[in-house]
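Asks: Could you build the full structure based on these sequences and the hints that come with them?
The listed protein sequences correspond, in order, to chains A and B.
Residues 0 to 446, numbered by numbering that gives the first Met the number 0, are exactly what the first sequence covers, in order.
Residues 0 to 446, numbered by numbering that gives the first Met the number 0, are exactly what the second sequence covers, in order.
Among the hints, erroneous ones may be present.
The list treats identical chains as one, so a pair stands whether inside a single copy or across any two.
To be verified - Listed below are the simulated SDA-like cross-link pairs for lysine to any residue, each with C-alpha atoms no more than 20 Å apart in a straight line:
#1 Lys178 x Phe67
#2 Lys178 x Phe53
#3 Lys429 x Val371
#4 Lys201 x Leu331
#5 Lys178 x Phe51
#6 Lys340 x Phe285
#7 Lys212 x Leu2
#8 Lys201 x Phe330
Think of the hints as simulated: they come from the structure by calculation, not from any bench.
None of the values given here were measured: they were computed from a predicted structure.
2 protein chains.
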Amino acid sequence: MDLYELTMAASYFEHKEDSLASFELFIRKLPTNRSFFLALGIHDVIDFLHEFHFKEEEIDYLKGLKIFSNEFLQFLSTIRFHGNLWAVPEGTVVFSNEPILKVVAPIIEAQIFESIFLNLINLQTMIGTKAARTVLVAKGKSLFDFSLRRTHGLDAALKAARVSYVAGFQGTSNLLAGKLYGIPVVGTMAHSFIMSFNDELKSFRAFVDTFPKYSTLLIDTYDSIQGVENAIIIAHELERKGHSLRAIRIDSGNLARTASRARFLLDKAGLSYVKIFASGNLDEYFIDDLVSQKAPIDSFGVGTKMGVSADAPYCDVIYKLTEITDINGEFLPTMKLSEGKHTYPGRKQIYRTLDKNGTYKKDILGLENEKVEGNALLVKMIDNGVVVYKQPSLKQVRDFVQKNLSRLPKALKQLKNAKRYPVEISPDLKYLTRQVSEKIKDRLEKY
Amino acid sequence: MDLYELTMAASYFEHKEDSLASFELFIRKLPTNRSFFLALGIHDVIDFLHEFHFKEEEIDYLKGLKIFSNEFLQFLSTIRFHGNLWAVPEGTVVFSNEPILKVVAPIIEAQIFESIFLNLINLQTMIGTKAARTVLVAKGKSLFDFSLRRTHGLDAALKAARVSYVAGFQGTSNLLAGKLYGIPVVGTMAHSFIMSFNDELKSFRAFVDTFPKYSTLLIDTYDSIQGVENAIIIAHELERKGHSLRAIRIDSGNLARTASRARFLLDKAGLSYVKIFASGNLDEYFIDDLVSQKAPIDSFGVGTKMGVSADAPYCDVIYKLTEITDINGEFLPTMKLSEGKHTYPGRKQIYRTLDKNGTYKKDILGLENEKVEGNALLVKMIDNGVVVYKQPSLKQVRDFVQKNLSRLPKALKQLKNAKRYPVEISPDLKYLTRQVSEKIKDRLEKY
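Replies: In structure tokens, the structure reads:
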């Protein structure tokens, strides 16, 4: 939590404890080379709100800051989330300005979670979207998450494994993610394994001796072609023992060229069943290039660039007040007019229309109970503090994401310069925006 | 942990359990616009190794994968780190190819921590370096970490608060970081606080009523100049009650222009003691620009771009085998020859020379016990599994970093196109590299 969330809460506590507020979380602008986002992290938000409370030691720490009254600290020590949460289902495709979640609650309970909501949604949405882009260009080839070593911490590593799986990856190298989420795990050897034997062939032989049914041999420690020749020797030795080599892995150099040469040598040696696995600096751009060139690569290990969303390591995700009750308990819509940062007032809903083939046609951003064509996407998940939404399993979310991606217009699947998906503002929302903005400007001019 | 670390370990367990190995962790290449790195995360590595063991449920999970033998799983259930760890002290300035840490241990104990070491060092080194670059251009103005909402998870948020403080920031908005690390915390209000009152002046009045000695008023929710005028009214009201307004905050628009106008209005109103705080999309480039323009801003809140190291969200940090014992227990140096990814063999040390003003002059990358001019930077921190290094406090690390930064040559402090710091390869290391590389190439040609 950021300190300012509690200083604001302290002032609300003294001046407007009874107010109800509505906040919405959305991405203001899509970054370069992003034509959509997969909304992810919503299950974490539900779990967080369900379990939220301050521990005694946390209240003691706040007390030690000597800026809060005892009454307020007493209030914090018993606070729970009693409000309502609406959100799009985990894995929904969303666009700029569309609320991913909406909170209506006593103002303190709505305000203090701003940073945690943004953090939870931002990380998974950003990395999951990058993974989905990779899935879209891989054209059915298998993808695996290899990002643990370079993600921003261990929390991010787990989430990268989770959301890449949800986006359509086949598995991860991350054992803890495998254990926690039940995701398939993969991995065989590093260059250091081979170097430790000071002899590539000996190292390969030792490895397949331990894993006769489960070996991918890394062939580029010294010389890739020599590495393939050694792998072929091993594959034939395995055949004589009734086993078969699973794959070779290439991790450096010109991947397409080495893969072609390796495929040729393997096929010539009667080893067309041995797969080729590639890794090293891969992302959706590189994989698109390799797939378009028809490089004979069967699977890709995707690491750092996906795991940190390297070309867009953050998004402009924000959490803004849209309505607040007045002293009579009536909701009044509100908005921000800051230069280049204005927002839309009112409690909103996303209405999505499909064309006759089931492809997304357009969205309308409207008000909560407005009569607008299309399917409403925001679903009530917490009602007066009680979780009323049954979280689908990881597998179900994965299927839901695949359905969402299959409905994306083709033009939006382009990696660069994709067309912008049409998100219209409904008549009522347009009217309300004009009205609220004029009211605020009038008030400013009165000074 | 990545699965391949345990598959390699399983094969070592069967084929070369007695071998000792030396691994080194270093950054292969500095990213664009990085002329140095602050090595950070070392204390986490020490703590991790000290506490490392597999839990029973983890062994059960591994058993469920059905690829490991019972003997190996039994071995894993009792494994601890018994080796030696050398590292540069937390906060040391390092350059490409210089080992940040070095492990000499039974090969399994050295190999299985690759991913966790890389993850721990990468995150803090990268973000701390970005924060240090910001400190270098801020010319003594105060900086505060505001990154919680957009860091890659909550783990990264804590680390961003920690390393930015170590790099010279004054504090953070992150309460948990304040609690865990004893870092000063700051923060006042968001736009939503002001919007919730539907009247800026009323919202300011409510806030200073709660925090008469501790208020920074955010002035750009509707119109920045009007916001400053309102803050002036409040400041005068506070004066009449014997208090004083601390600061105003600007978060959008043209920061330099708004700050100048605000400074003028505040001074004209006799409020030259009221500080100006700026935030919004700040990073070292933007702050350098504002400071060079002499924008009258006293403090900066630095968020997203520092917290995700936006222009370099990862670095080419790797962990490589450099020596391995043969069957006689003799250490044999080794290296990787992969295209564009070759490494230096042997157990190394960094030797740093200062000029007569105490500025870094050059480094020599040499062998562990080589006679080379300069101070040796790698220190033994764990000896046969026992921690022998007393971790300095966060405050001491912060002072150490300031000393390190003050010794940086001026040319390296440039944000872009900085000169490259000279890191020479020692005569013995050159000789060894040639020797090992030729030996490997000879062996390859024999096939």
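Asks: Now, for every hint given, state plainly whether the structure supports it.
Replies: Consistency of the hints with the structure:
1. Taking the shortest alpha-carbon separations for Lys178 and Phe67, only the inter-copy value of 16 Å comes in at or below 20 Å, while the best intra-copy value is 42 Å.
2. Taking the closest pair of Cα atoms, Lys178 and Phe53 come within 20 Å of each other only across two copies (13 Å); inside a single copy the shortest separation is 29 Å, beyond that limit.
3. In this assembly of identical chains, the alpha carbons of Lys429 and Val371 lie at most 20 Å apart only when taken from the same copy (13 Å versus 73 Å across copies).
4. For the homomeric pair Lys201 and Leu331, the shortest alpha-carbon distance between copies (16 Å) is at most 20 Å, but the shortest distance inside one copy (75 Å) is not.
5. Taking the closest pair of Cα atoms, Lys178 and Phe51 come within 20 Å of each other only across two copies (18 Å); inside a single copy the shortest separation is 25 Å, beyond that limit.
6. In this assembly of identical chains, the alpha carbons of Lys340 and Phe285 lie at most 20 Å apart only when taken from different copies (19 Å versus 35 Å within one copy).
7. When the C-alpha separation of Lys212 and Leu2 is checked against a cutoff of 20 Å, the pair qualifies only between copies, where the shortest distance is 16 Å, while the shortest distance within a copy is 55 Å.
8. When the C-alpha separation of Lys201 and Phe330 is checked against a cutoff of 20 Å, the pair qualifies only between copies, where the shortest distance is 18 Å, while the shortest distance within a copy is 74 Å.
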